[in-house]
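Take the sequence shown: its letter number 353 is residue 1270 in the numbering used here, and every next letter is one higher.
Hints may contain errors.
Claimed, not checked - Okay, derived cross-link-like pairs now, BS3-like style, lysine-lysine, Cα gap no bigger than 30 Å in a straight line: (1) Lys1188 - Lys1036; (2) Lys1393 - Lys1334; (3) Lys1362 - Lys1206; (4) Lys1426 - Lys1362; (5) Lys1100 - Lys1393; (6) Lys1072 - Lys1100; (7) Lys1426 - Lys1118; (8) Lys1261 - Lys1072; (9) Lys1373 - Lys1393.
Stated by the list, open to error - For each label pair, taking beta carbons as the anchor points, the in silico distance ranges come out as: (10) Pro1086 - Ser1159: 17 to 23 Å; (11) Ser1159 - Asp1327: 52 to 58 Å; (12) Pro1231 - Asn1197: 35 to 41 Å; (13) Gln1359 - Thr1395: 22 to 28 Å; (14) Glu1114 - Val1357: 45 to 51 Å; (15) Gly1397 - Asp1241: 50 to 56 Å.
Because the hints were derived from the structure by calculation, they are not lab data.
Quick caveat, the model's predicted, so the values are computed rather than measured.
Even glycine gets a Cβ: it sits at the ideal position worked out from N, Cα and C.
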Amino acid sequence: MWLMHAKACKDKKQKESLLSPKGETIMKIKRILAVMLAGAMMLSMAACGGESKEESAAQPSAEQKTIDGNVLDAEQYFNGYIGSEPTTLDSVVGNDQYSGSVLTNTMEPLTRLAEKDGKNIREGAGAESWESNEDGTVWTFHLRDNNWSDGQPVKAQDYVYSIVRTLTPETGSPNSYLITCVKNANAVLAGEMDPSELGVKAIDDKTVEFTLEQPTPYFLSLTDTRVMMPQRQDIVEQYGESYGAEASNLVYNGPFKLESWMHNSELVLVKNDQYWDKDNVNLQTINYKIMTDENTIFNSFTNGSIDSCGCGTPEWMEKFKAMDNVEYLHYVSPAIRYNFYNTKDELFQNANIRNAFTLALDREDIVNTIYFGTMSPAYSWVPDGVSTGEQGIYRAQVEEPLKAMYETADPKELLLKGMEELGLGSDPSTLEVTFSLGGVDQWMKNYGEYYQQTFKNVLGVNVVLDFNEWGTFQQKVTSGEYQMGYMQWSIDYNDPYAMLSIMHSSSEKSNVGTGWTNEEYDKLLEQAAVEMDEAKRVELYKQAEELLFQEGPLCPVVCTAANTFRYTYIKNSNTMPFTSTGLKYTYVSGRDA
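Work out the full structure: start from the sequences and follow the hints.
This is the structure we're talking about:
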């Protein structure tokens, strides 16, 4: 998933020069960054109002609801924020975080991952039960009774329609790579078979059956993602290209429904009274303001206009930590912030030049200077915290590939070698590289200037910064009209394949857009996708990841961490990566206490 436009925010021999950079420019950038740092963009929730202190102190009446001993406020609502306008709420066509935040709350996939006793537990959602045949090639999901927000029953055909639409090549879904394990999916995407031949069908109104190409170890992990959210064919066809562009041209089958969408300003969600589990949904309203300026966000949190915010700026963090009714949550997110290169570009077609820019960065300095220790350096594509199964965390089993490269390669030498191979002479100052970023706020500008100065100091290259609104940036990447870009990617499910597969030739263009393809890489992933022996699967992942860094189309910078502050009257709010229940179980108790 494209987590952020890049509020979006994406050696060894260079370490001393980067830790103690020369020149007034870089020092100025560091000083500015020290006060302008934007924390990891987190969804927040909250509001104002509620019962009086006298009322909240009283004993609960028979009508008042309690959960875990907490008396729920009479008014249940959150005011929160998202960092940009969603591109679309069409779950098949969109894949950015902003739309994902809304869809998680308004749509019901087949299953969800809930939190219980510090663990993620898979629970029934659209499906109340499921089973597979002995070898795991056929999965059957039995739907529960549920209605769309307009009162019509949710049917198996709605789930099938969405999946078939995702895998129909004319749709151009960026999410199709997630479910190529479905029988005939690759042939359909290649235009070699009709979508009617896909291995997914409605046995009846309440039964969805998947037939897979081969046993797929991660298949069940897909069932709580956006590719398993249903769509109504009549609604999609009624609105055509405008489907998902307004609150009024969708129907919803999740805990909430979108009541209004004031573009570039606010989205308002209300409880869906047609939802099958509405009795366990306590919030009545969720207000998502679209907010991009960090000082506006932090001031809104301070005055109680929002109830949760992400923050990595030391001054604000200390202020929030000193507040009596605020708690601080820190945990690793399954996401990488990274730079990436257009491998079709005249300069970045060369792997040595790509790797020169990747190794020019001192990630420890970036963590300390830009993120004040709230993130961790990334020397791999698969982020921290991702598991392979019984053997545990992948990164504990496989060394990060970039660390070995830092031991054996010098970025300046790689650059000069690449220039020689391209016939560009031996003077790096003759090179001008455009670095495109998906943001126009002051923090993004300071962030870009840090990189601009770093590449000048380490490589002697002139970098021109290109700042764009997120939509414009995304269009440039999709059309290949860039040289070097910056984004963040968060994986959809807990397996290294989820991260590695976006660089497969069948999905790379619609997800990252580097133009890089490699047959050997594709083969390694295709083997891993069906390898049921975990140890063998991990070895295939390792080989694929090493190959990815030899070729160097990507430059991971930091592993993202959540640094979240929230008011203590927010209860049952998710705190773990991969949890996919959204705000379904969240409630408010003691807002005015």
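* Between Lys1072 and Lys1100, does the CA-CA distance stay at or below 30 Å? -> 22 Å, holds
* **Agreement of Lys1261 and Lys1072 with the hint, judged by alpha carbon distance not exceeding 30 Å** => Distance ~45 Å between Lys1261 and Lys1072 Cα, so the pair is violated.
* Asked: Is it true that the CA of Lys1373 sits at most 30 Å from the CA of Lys1393?
  -> It holds: about 24 Å lies between the C-alpha atoms, which stays within 30 Å.
* Satisfaction of hint between Lys1393 and Lys1100, Cα-Cα up to 30 Å -> At roughly 34 Å apart (the allowed maximum being 30 Å), Lys1393 and Lys1100 break the hint.
* Consistency of beta-carbon spacing, Thr1395 to Gln1359, with hint 22 to 28 Å -> 27 Å, holds
* Asked: Per the hint of 45 to 51 Å, is the separation of the Cβ atoms of Glu1114 and Val1357 within bounds?
  -> Between Glu1114 and Val1357, where Cβ atoms are some 46 Å apart, the hint holds.
* Mind checking the hinted window 35 to 41 Å against the Cβ distance between Pro1231 and Asn1197? => 39 Å, holds
* Asked: Does the hinted range 52 to 58 Å hold for Ser1159 and Asp1327 at CB?
  -> 53 Å, holds
* Verify the proposed pairing of Lys1362 with Lys1206, using a straight-line Cα cut of 30 Å. => 23 Å, holds
* To do: Starting from the hint 17 to 23 Å, judge whether the C-beta atoms of Pro1086 and Ser1159 obey it.
  => Holds: the Cβ-Cβ distance is about 22 Å, inside 17 to 23 Å.
* Can the suggested window of 50 to 56 Å be confirmed for the beta-carbon pair Gly1397 and Asp1241? -> 52 Å, holds
* **Restraint status (C-alpha distance of Lys1393 to Lys1334 at most 30 Å)** => 29 Å, holds
Going down the numbered hints, you'll see the structure goes against 5 and 8, while the others check out.
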